Amino acid sequence: MLIIFFFVNISLGSVSIPTLEIFKSLVGDIDNESWQYIIQNYRLPKAFTAILVGSGLGISGLLMQTLFRNPLAGPFVLGISSGASLGVALVILGSGLFGGVFASLLTSKWSIVVAASLGSFLVLLAVMIVSSRVRDTMAILIIGLMFGSITSAVVSVLSYFSSAEELQQYIFWGFGSLGNLSWKELFIFFLIYLAGILMTISSIKGLNTLLLGENYAKSLGLKLKQSRLVIIIATSLLAGTITAFAGPIAFIGLAIPHMTRQIFHTSNHKILLPAVFLFGGIVMLICDSIAQLPTSDYTLPINAITSLVGAPVVIWLLTRKRKMFF
Amino acid sequence: MIKKEQHIVLETKNLSVGYTSKKGTNVIADGINITLQKGQLIGLVGANGIGKSTLLRTLTTVQKPLQGDIFINSKSIRDYTTVELAKQLSLVLTEQIASKNLSVFELVALGRQPYTNWVGSLSADDLAIIENALQQTNIVPLKDKKCFELSDGQLQKVMIARALAQDTDLIILDEPTTHLDMYHKAYILKLLQRLAKETGKTILFSSHEIDLAIQLCDVMIVMNSTSVISGTPCHLISDGTFNTLFPEDLIAFDQNTGSFKVKK
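So the sequences go chain by chain: G and U. Under my numbering, the first residue of the first sequence is numbered 69, with each subsequent residue one higher. Under my numbering, the first residue of the second sequence is numbered 250, with each subsequent residue one higher.
These aren't lab readings, by the way, just hints derived from the structure by calculation. A quick note: this is a predicted structure, and the numbers were derived from the prediction, not measured. Just to be clear, a hint being listed does not mean it is correct.
[As the list claims (entries may be wrong)] Straight line, CA to CA, 30 Å or less: simulated DSSO-like cross-link-like pairs of lysine-lysine:
hint, chain 1, residue 1, chain 2, residue 2
1, U, K324, G, K291
2, U, K271, G, K293
3, U, K287, U, K446
4, U, K336, G, K338
5, U, K349, U, K392
6, G, K291, U, K392
7, U, K439, U, K349
8, G, K291, U, K262
9, G, K293, U, K510
10, U, K287, U, K313
11, G, K291, U, K313
12, U, K349, G, K293
13, U, K336, U, K262
14, U, K324, U, K349
15, G, K293, U, K446
16, U, K336, U, K272
17, G, K291, U, K510
18, U, K446, U, K392
19, U, K287, G, K291
20, U, K392, U, K439
21, U, K394, G, K338
22, U, K394, U, K349
23, G, K291, U, K395
24, G, K293, U, K324
25, U, K513, G, K291
26, U, K324, U, K336
27, U, K324, G, K338
28, U, K324, U, K395
29, U, K394, U, K439
30, U, K439, G, K293
31, U, K272, U, K262
[Claimed, not checked] Far from chain G by the CB rule (all over 12 Å, computed), these chain U residues:
hint, residue
32, N282
33, G369
34, L461
35, Q464
36, D503
Heads up, the beta-carbon is just placed ideally off N, CA and C, and yes, glycines get one too.
The whole structure should be built from the sequences, with the hints applied where relevant.
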């Protein structure tokens, strides 16, 4: 299914290219050079980015939900995305304050990536430290939301003092975009993503144990602090780089793990992890295909589409909470 | 009564439990010297707030002892790594498990975690031990049910099966009979007694079911405001220890029936 939607996704775009030609272009046997160019340098990287973003956000949402023992946890709710936003805001909006050559250095793509990763890691760490003092899991969520509002307040202050151009750059980043990555950037993205996924795979056993709660997990020989740290680092690597490269994509992280649990009727991470990976990739490809607005020249902000898909799912989950699997 | 060959599974030496905070140390109970033998069923009783949970939390390394030491199979618990300890000591806690979307089999299988490889694959041996644990607790028919479909009594049996699957010499249960009706209270404690006999495991539980514990336990540990006393139920009845459990204004222990009676 992932592969099917992958092709559907490539075949859609503002320039219509016949399906047959797309297959031809993939094997490098095509006459029309501009089509070849569009597919190789625009649509293919975008489709790969969609898969990485969807699966990565889904997995980091799954990690957060298991770690915090809370079905409403996710990279977005726990302030990771807002942490990344703050990092990016500081770089884009704050660069005016530094001025000169330093500013152009700061606004390069890599500094945005680093700032977003760092921001998400720091906010998640802060949420973890504060939440280790409270027992109530609902309190953890509220703390995450509070950190989120603190960061957005700081962003507001920064935007107040920024130029219109910087502001626009930041707002466009906030819309989310899958299409701006070159192959080289995609490669770096993939490396960091891979590191996050490998760390996640190494914690499958611990994640299953955490389903019993932390005290049981510890009594089963789990090194709690160590595995907690690995899970947090994996999440911030995944959510942080995704937010850095594609902007703050809403709801995917929260909704995908739930949809997957509903479909597979299990909480076993050995099954959930690959399922979330595939499902996240598929949903993101679908969202991106919708964003292309088939047969039109416009492309909608991807973030609007994911929210349009995600928000009803969250509402639906809450209204039938009694039967919710977790 | 002549004891068979003795093997001390758990021993505390001059143990003192409580909390340390910025204001200083708050000693809940001190001078605790208890020894638990292999194959014994031990009941820990005491009034609310007397420190049963604190003692159990200390024995299970959730919190550190203020003083003294705890030995499991003659080795101090401080010298165990978490995985090694998980092969010696398994728990049934009062807290709810975080996810009830696990099937009974999956939950019991999690008991094998200390023994499995890095992804937690189950070997044939693991499967045999899990099957055995399910049989010993009479929950084989529930195997494929989800935990949220179970009654409290069934769930408690599943948690006990999980502890059995962990294959440890010592199982500690914190109030395994709360929320259960009278029949299931007796059922669970009787099950624990049978398991201690059949498997040779040492099973320590805290409970408010003093009547039942007196009938079923090999040894009881009584916590009152001044001391921690252990002995056989018969011995504790005859030396009047149970009278010290509660304030004497409302209920009193009747030595003849082995139960508490409300004062008229």
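- Item | Unmet hints by their number, sorted upward, for this structure | Hints 9, 14, 15, 16, 17, 25, 27, 28, 30 and 33 are the ones this structure does not satisfy, whereas the remaining hints hold.
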